[in-house]
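Student: Join these two chains into a complex; the hints should help.
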Amino acid sequence: MQIKLQKLKQEILDKLAEIKQPDILRDLEVKYLGRKGEFTKILRCLKNLTIQEKKEIGQLANEIKKELQEKFEEVKNVIVKNVVKRENLDVTLPGEKILKGHLHPITIIQNELEDLFTSMGFMILDGPELESDYYNFEALNIPKYHPARDMQDTFYIDHKNKDNEYDLVMRTQVTSIQVRAVQKYGASIRCIMPGRVFRAENADVCHDHTFYQMDGFMIGKDISVANLIAVSKELLKGIFKREVEIRIRPGYFPFVEPGIEIDMRCTICNGKGCPSCKNSGWLEMLPGGLIHPKVLMAGGLDPKKYNGLAFDVGLTRLAMMKYGINDIRLFNSGDLRFLEQF
Amino acid sequence: MQLSLNWLKNFVNIPETLTPEELGLKLTMHTVEIDGIKKQAENLDGVVVGEILEIKKHPNADKLNIAQVDVGEIKPRQIIFGQMIKVENGFKLPVALAPTVLPTSQEIKKTKLRGEISEGMFCLDQELGLVKDGISAHFFNKSVKNGTSIIEALELNDVIFEVDNKSITHRPDLWGHYGMAREISTFLNVQMTTNDKIPNPKSQIPNKSKIQNSKLVVSLSNPFKINVNIEDYKLCPRYMAIALEGIKVQESPQWMQKRLMSVGMRPINNIVDITNYVMIELGQPSHIFDLGKIKNMEFPISNFKCPIKSKIQNPKLQTNIIIRNVKNGEVIKTLDGQDRKLDENMLVIANSENPIAIAGVMGGANSEVDDNTTSILIEVANFNSVSIRKTAQKLGLRSEASIRFEKSLDLNLCEIALGRIIELIKEFCPNAEIISELQDEKKYFLNQGPIELDLEWLNKRIGKKIEEKKIVEILENLGFKIEKDSDTILMVTIPTWRATKDISIPEDLVEEIIRIYSYDNLDPEMPKITMQAPEINNERLLERKIKNILSVGAKLTEVYNYSFVGEEQLKKMEIDFSSHIKLVNPIATRQTMLCQSLIPNLLENIKLNQAKYENINLFEIGNVFLNSFGNINKDNKTKDTLPKQEKYIAIIISSKENNLFNKIKGIVEYLINSLGLKIDFEPIKIYPEWADPIRKKLGFESYPFKDKEKRLYSSQSQWAGLSNGADKKIIAQINILNQCLEVELPNIGIVAQLNNQVAMNLGIKKQIAIAEINFKKLYDLILSTPEKKYKELEKYPAVVRDLAFVVDEEILYIDIKNEIENFDELIGYVELFDVYQGGKLGQNKKNLAFHIIYQADKTLTTEEVDEMQEKLIKHLEDKFKAQIRNF
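As given, the protein sequences belong to chains L and V, one line each in that order. For the first sequence, our numbering assigns the number 1 to the initial residue and increments by one for each residue that follows. For the second sequence, our numbering assigns the number 1 to the initial residue and increments by one for each residue that follows.
So here's chain V without its partners, still in its complex pose (with noise of 0.2 Å):
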């Protein structure tokens, strides 16, 4: 919103040795952020009234015109020109005198243009910084002198405060000059104006005989009649109305024009532009209907332009003003010539048949002042703010008044608008008369309390002592009442302007005392807290230790990706998107939905990366959100939860050599040793799309997250799949041993390589390799493994056996490796050392090479040893038909 410094001293003295700075400063220190202060002279110094003496086209170019313009220099100056706006010889109007920049930065320099030389600019409003929107321009007549600065021929001496309507969300009572003047002079502690025209704002009792009495008052005898009928007054608790004629639609006088151009309004015609000035002068919005138009008859009217003056005499002319709930799909064209579909939860404006306004929101076309109008009726009503804001969200459309209603103003400020409103019509149509009895139907209760405040806790909430007198001049400055109950205990009384919403409970009055106290007159102090060590947060320890290991020991760079992921990127991943949860307004069809794995977009990042680095190793830890139910709760009071929410750490590396799967293992191996844990890797059944190898190959077909019953908040597990054997060599599940127990506990997490049909379809041009482990699954597992203890040192020297042997490919190192291992107890443990495959070996075979570690406790015999090794040889051929190489 924005404020004229000019309009604001119609209210209250603010010194003139206050510059505006300083002003705006204790604004934003008191009451409201002042996002910025813009003087409307600023940047206009090398602007002035120029006339046009001469107008010849371009010689070189069709759309420009060049002007000889006198500026009153001695010489006229040549300006080039286009056509935004037609000129002829003699007019006045700004001219940007070369060199200077205007308020829109816009720099004017002497140039040539195609060969012509300009000196200057035609300047148009906007271009002057003086309206945003649009194309329009000031022409003066004969009278100013050529070169008059364009400062003093507009008059532009106001000063424009701009007030970051965010800070104004819970205060009703500012959204207008009116109660921010009521501010100013508060924290300023100066007096208020006295105005003959408005009720002081901080008592603010309006005259409403002062309306009724007013001389504009005839005809009354015979009055035409409003008949106000609110069907539900939780809706609409209030409802003014009252009908004027001898109305004169025509441009608002020069005065009011420049004010609402100086805040940011365009100018429409007198009667509209009242009620944008008296919106914007007090905060009440306020409508006018053309009377002619929503007029209902008893009989039928054969001539509607005739004027209402004629009628006036019939007694059954009268207007039913209905506020009631749209019926049945009704539509209704706004003042903004659009067709606006309505639904039953919105509250209208109605007359006997049609809806003639959106209650609160716009008018419609159809009951609109315009040139011809002769005669109105002045709505000036409050509505139920809830109300207003869910139906200017429905039809996405929010005005000037929904912005104002859905604050919850104050009730009584109706009848000072329309006090008013009446005043500043009768002042620009003379003619106009008061032909209704004014209606005032209202149903509302203020609780303006009185609110208990007991001094010592406010002093202990504030912090500080702060006199009695202090804080009763303070509050009653902002208009609260104050009777004294006790000796510690103000009763404290809340004016209507703050009190249907804003201020309800004591420490709403903290608020209202400290902020004018100033919240820099505190004195800092620490608090008084009893000594307590903070209860650790495990897994956010365990997390950045996992960072650190990744980062600092595997050399991985951390990323951070959105968690929203888009259908274009999963279909190349082949992966079903059915299940995931979808956002209702995304703002890109990137990101459409909620990510169920950090995979995604992490192949998103090697793509970006891919053409300027050779390797790229990352990885990041992050939530993904599955749809079924999880156990955080959703809300107090029922048992729903929200959807299960995951942290997974993926890593992802990508090069051009081929061993990618075996340095992707060896880093989580890294990891999960690290962190004092085990691990081994397994073959896996349930396995993602995007591995290698590609399902279709393998000849799979259907794919979970298909039923479309289950789809939020079906339990489906993360990592979808069929069960058949995948390739072992690229796609593994992360165990991890219980080093104690040394039982082999669920998996964490998988190993994989992106399969080539993926990478193609994602514009990958490397080897890719993943892991994914579940942060969760790992954290319980940490936290049931015992703490680190120290093993003594092996008294006995242990005994170093090689072993080699050729077996079935199919057959898996672990199993092998768990075979030796369990074999016997003086087997310490095994070291595998080579594999080879090819060769020699012929085809489906492998050799493996293992030193076999031999311990126990007394120095072994190389006799023990042999045998042992015999035997354990003998079980190999037997159990994996092994065939034993000799070195």
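In isolation and in its complexed conformation, chain L is listed as follows (with noise of 0.2 Å):
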């Protein structure tokens, strides 16, 4: 027995001696050594010998395990310092290629805005995407045949009502919420509504006839132009993370009076004038305004006890700036080539 083991142990060294992989080492180990190896396989056939016989090889077996073991070890350790010099390893290779989604630049967008407004206390409201002409135009002081309608080309529903009209349209503008927020929730509103609205117009790389707005409105008592001003300005400052340097013109929009337009110091020629700017140094930023009396008694509310401001951001227009996109057609192209970039 005891014979048995030294053989078995020189034949061990003499293998150990011999290896240069690390690879092989562990195979070696697992044959002697492991659970099943020739060395335990030895060391079972113990239970059959006396109790003296036992004590003396049991010694034995364990001594040499053990000394195997650090021999193992120091073998190990020996390779494994071998293997890292000796092998060439091109760093710079790349790594296991791990797939990546993407999501939409103007889901980017609409996220970061809403996180933004969420922040300043307004809530974030949704409407339908077919609208009633009701909500979309008359309840915003835009009664049928009124000019204001050429501001938008309308893409109507082909169903007509009773008396025999169309009165269901792809909704042109997200305010077409705003008097269903305020019959909804009554004065204590500040809410921003982002979404997607039509246009029947054709398409070119300025024009879609689906795109991306958001509108926010708040409605208080004695709000004021100079309030608007400020709301805008730190909207503006929010979204583009800097000061930012606006003017303020008049604008006409039927639910608003007054209404406004705030240009923005353009960002491409710093109000040099560029093509971005149409040489003016000033982009159009948000149209906006004090809420007409109309639109909020269509809400229900009492313009003599309550106003409110109102204005809007052009999603689409938000990203074509802050990623220099050139064609507005990509947003909805499903382009994977565009997709992929962001």
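If you're looking for bench data, these hints aren't it; they were derived computationally from the structure. A hint or two may mislead.
[To be verified] Computed footprint of chain L on chain V; a stretch qualifies when at least three of its residues, placed anywhere within it, have a C-beta under 8 Å from a C-beta of chain L:
1) 496-509
2) 521-528
3) 541-550
4) 556-570
5) 605-613
Backbone N, C-alpha and C fix where the C-beta goes; we use that ideal spot for every residue, glycine too.
Tutor: Structure, rendered in structure tokens:
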């Protein structure tokens, strides 16, 4: 038994001396010292021996096993070192590829703005994309046959009402949610309304019949034009993450009175004039105004008690500015070469 | 609309020190948006008057000629030209000298054309940017020196402002130079020029006696009689008419032609030009009829061409002008030569017999002024804005006149315009004489207020205290009349030109004051509001969460597709589109209807990208539009609701692999599990046409949505189809298990593989798997799911036993799994780890292998587990005829 053990020990040591690769070493370790290894097999035979023999041989076996384990460890260390030294590893090789998903650029911008506005206490509201003429136009102080309807080419739904008129539209503006919101929440409201809007116009690099807007408004007591300017300025600061220079001029929108356009010093040319700002040095950023009394009344509020401010941000326009996208049609193109960039 | 600086200067003293750019900016900041400023002389430095000395044919080109041209240089220049306009030796015309760039950005270079050198170009008006459309050219007479700059020769010293028409939609008073001058004088705070021809725009008090007492008026003793009859004053609140004779139709004087061209109008003849000129100047459209063509006689006329003067002695000579609605099916040929079919809601100007003009929109060819016209009837009127707009829209005929009338013009402008027209006619046709009394039929009321303006309220609205003196000055400058009511109240009377629609409430005055005062003079001030956390929009939060799970987690790419689909596309998918909601005015045949599913357009995405990408994995969250009533109210008055609009989550994956159905189920499982819910798939009985297997193969015939009666607002479900067992392998509905109650809830969507026929129809070359999940249903499930709670770790070890057995292929995994899990409470859960079909098993059999996990509130003994396993096996043998396989 002792001889058998010694022989096995020598056999293992001989093999260990020749080993150069770590995986063979591992195999060897399993073969001899593993649970079903040869050394273990011999030890299992111990149960057939006398107590004295068990004691002696057991002690020897344990010593040999310990010695071998140390030897294995020693060889392993040498081999590992050698391997690292020898193998000419190109560390510049790429890592294992993990696929990446992509959010749509409008989603990214919209998330950013939603977070900004939520932090300022605005809630986020939705409304139907297929909207009634009433909420899209009439309730917003744009009666039928009002010339202001020219400002927005409208997709009408092929369904006539009792008066033989088309009274369903694809919403031309997310402002359509405004009167719905006031009807639901009353005077204590501060909200934004992001969403998809539609205009029946032919597409080119600057126009598409489907694009994305975000309107916001708040109602309170004695809201002033100065308030509107302050809020707008804060918004632009939040969006562009720096102080921005603005100018304010009159703008006509039937659902506000007074109505304004807020322009921002062109981010591309810094006001010197470039194609992006049509050489004016200013970019149209935020149309807005104080909510028209008729709109408040449509929402069920007394305009003598309450008034409010409203503004609109073009999400598509912002995305184009932020990423330097020069063709608006890409947003709804489904082209992966575009989508994978975000 | 275009504004001429020179024209504006006729009315207002614009300081010479103010540059056109500065004026444009001020207009933008106070009144209207200026889209562009064009100096007529700009980019014309390189164009001079040249005289053609000699013309010969180009030796190598049939359609080209070679001219030697004296352009005032030592040597003549050689210029090659085509035959746009006929020219001869001795003609003097504008020549662009190479190298130069024209206003149209056209670059003129010294070039060789078919072997011959060309050193310049003859220029058409259009190429010089003088006229927009057509082909026309200027020729100069002998007295103009060769080499004279074209700027000097044509006196191109005007500056043209391009106004954004949208920004004057609400301002009827700004559709002419007259009103715009009033604005300029207000924000520059400068005087109007005195003009004896036209009343001061700020008082706008017309002098009717001036028209009647004018020296022009002769023969009134024996007048031509005009009978104006307005049938409905609501549609035509005012109609002024007067007749003149002694008219000679010819070209307008150069100054007028030039003015008209400078603002983009084409000169026609002196009479038509005058109406256009006055419209551009004052903003009031008018129309001039050939009196000879419209007059009614009480006796037959033998010769229409005989000059009216000879008949003037006849007291019976008269014309009836009736402003009425169209009678049954009347047709009129308008000035543009088109026959217009009119309907009863349209307003026309008629004589006793026929319509002679579509009121406020366009005149009729039957009464048109032409070269032979000698007597005329001038109409200056005001028509109802809505009526004009409806008519113009219906006819697709938006004229310069209708664009102005639909803004609700000042009713008092009529008489100013008429006075101006008569004056200009007299100037151009010195023999003209008025032969009728002035007709002025009118019935209207203008609400000029006064508006009660509370100064304290005003300051609150503006957010700054503006001095009363300043407020009064601004309003008075704009033509408002002010009376002080008390210390803080002003009574403000609206001028007629703002009273038609534009200004009626104090809020309107806020805008007037602040825009002139200048918005930039305000100090921004944050509103004072009660602090309050915003209400959370949970649907929006869930949508965002799902987008993150699918993009960041499941590695899909988000797409946004249009909400529209087309017939062609749906036909290929074998979808019956008769119930799809249609657009009245689609802009492309591919986009005529609203989508009822996100899948058709996602398939288009695959087609677009398939050549460039091996694997395509997309998702979209968007609305679909169904042909049934939803629950969103349509308006405030009725109980009507809008068509149902539902949000869906759609996923599409595509590759050449064959295991896509499993893969997409994996994605759906991942999504649902990530949202804290459990999921099952079940075979479905109702399935869409495009899903594998092909409908025809299974012999299905009819299809819902057939009922034409129910076209809009029928209540059909999204997933139309038929009840029969579909191939269980490739279509499944997604069920969600409520975690707490372990009760099965209704399905929330489907997963499917696209059938090959549809793929072929669509030109898709890859395997496709699709999932579509109803967002709202998912949201409702999540709402009703209790919040996640920590579950204590198991104190006792679980015992795992493997069990494999063969069953009929038709028996579903889901049924077996449920059977095992519900068999005994000792069974914690089961896990499928292998499925095998075919080979030695024989036909219609499958082998399923499960890990069965036994778990209890104590350490289970081998015996207990063995006993339970025995019972389970027995049960499965009975229930599913399972043949157990030993390991």
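Student: Hint numbers the structure violates, sorted upward?
Tutor: none
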